[in-house]
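There are 2 protein chains.
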Amino acid sequence: MISVLFSHIEEKVALTKQDREKISTYFVAKKLRKKQYLLQEGDICKNLAFVAKGLLRTYNVDDKGDEHMSVFGWEGWWISDFNSFLSGEKAVFNIDAIESSDLLLISRPDYEALTLDVPVMDRYFRILYQNSLITKERRLMGSITYTAEEKYVKLAESNPQLIKRVPQNLIASYLGIAPETLSRIKKNLLRKR
Amino acid sequence: MISVLFSHIEEKVALTKQDREKISTYFVAKKLRKKQYLLQEGDICKNLAFVAKGLLRTYNVDDKGDEHMSVFGWEGWWISDFNSFLSGEKAVFNIDAIESSDLLLISRPDYEALTLDVPVMDRYFRILYQNSLITKERRLMGSITYTAEEKYVKLAESNPQLIKRVPQNLIASYLGIAPETLSRIKKNLLRKR
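From first to last, the protein sequence lines are chains R and P. Sequential numbering from 1 applies to the first sequence in the numbering used here. Sequential numbering from 1 applies to the second sequence in the numbering used here.
Rather than coming from a laboratory, the hints here were simulated on the basis of the structure. Treat the hints with care, since some could be wrong.
No copy is singled out in the list; a pair is fine if it fits within one copy or between any two copies.
[As the list claims (entries may be wrong)] Here are the simulated DSSO-like cross-link-like pairs (lysine-lysine), alpha carbons at most 27 Å apart as the crow flies:
hint, residue 1, residue 2
1, K136, K64
2, K186, K136
3, K151, K64
4, K154, K136
5, K136, K90
6, K12, K46
7, K90, K151
Just chain R, with the same shape it has in the complex:
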């Protein structure tokens, strides 16, 4: 399982054998069955989770009971309530498994210790967060400037795997549109082809 993490890290930085040995001591494996929670709103997010296998979602629930999808994470993604993980404040997000999943967890103190013990991990996380900031910026701009159909097309282009794996109602929620609107958009797109 840890080999999935190593390949993901090595896409961004080079690791020595010693680095790999050290890194592996900081992570704990965890399995989640489909629909099982990793984190519930109001709890403290104690771990940053690397998805070695499976699919999870991060979402919050409004006063009316409606779910708002925030992030999907599958093989090679990190998932957490990042604010809660770093600040120790209560989580505002829920995280659960859409598919049964294999995770590697690292605690807050171990995350700090790891970057001191294996300094190249600072570089890895710097690049990871850099990309994450870009994604967030693009999504925010997209939510302002794109129509619902454009949002779907952009998502399908940038994340074809997500469109295939994630149930339609969750994709609609992620795009901030009604499931019926998404069905209509998909029918329109098929007709245009």
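On the provided structure of chain R, position chain P as indicated by the hints.
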């Protein structure tokens, strides 16, 4: 001017004399007069700018000509169209000076070279981006869950300097409310005291 940058970096990581000497070779000083542009929408953002003195804003303009404030940056802040800077795509933001400002600029190739030459800068930027991700997450959640008055109060609590220095119409735009709404909120708050 570079000493402002060093103190800011040393709030997060320790620098040796040699680190400081190396770092200083990667930056170029630039002065902006009030209202002068650092970046215009559609250009490529070639530099990451550290604000040593002054105040800038990042914003975009919609089809109707309305400005939407994205970020303010003053002493100790980094400012750029981050997506454009890293990906080389066209900038979607404008950046200009609200006050006359002293900046330190680093180019994209020099940014890469700096992190390889002075590895502790990876750690510095990792912590910087980490904080930035939290701020963005909080702002996004806040924009969904808070009323206009709550948004203003939160901003005033977390950034009293911003409330004092930035013109009222720009703060209204940053909060996504009309200037008249902001005036009404401020009057209400004064009455409550």
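Results for each hint:
Proximity of K136 and K64 under a CA criterion of 27 Å is satisfied in both settings, with 26 Å inside one chain copy and 25 Å between copies. Taking the closest pair of Cα atoms, K186 and K136 come within 27 Å of each other only inside a single copy of the chain (25 Å); across copies the shortest separation is 31 Å, beyond that limit. Taking the shortest alpha-carbon separations for K151 and K64, both the intra-copy value of 25 Å and the inter-copy value of 21 Å come in at or below 27 Å. For the identical chains of this complex, K154 and K136 are neighbours both inside a copy (14 Å) and across copies (22 Å), given an alpha-carbon limit of 27 Å.
For the identical chains of this complex, K136 and K90 are neighbours both inside a copy (22 Å) and across copies (17 Å), given an alpha-carbon limit of 27 Å. Taking the closest pair of Cα atoms, K12 and K46 come within 27 Å of each other both inside a single copy (25 Å) and across two copies (23 Å). Taking the shortest Cα distances, K90 and K151 sit within 27 Å of each other only across copies (19 Å), while inside one copy they are farther apart (31 Å).
Going down the numbered hints, you'll see the structure goes against none, and every one checks out.
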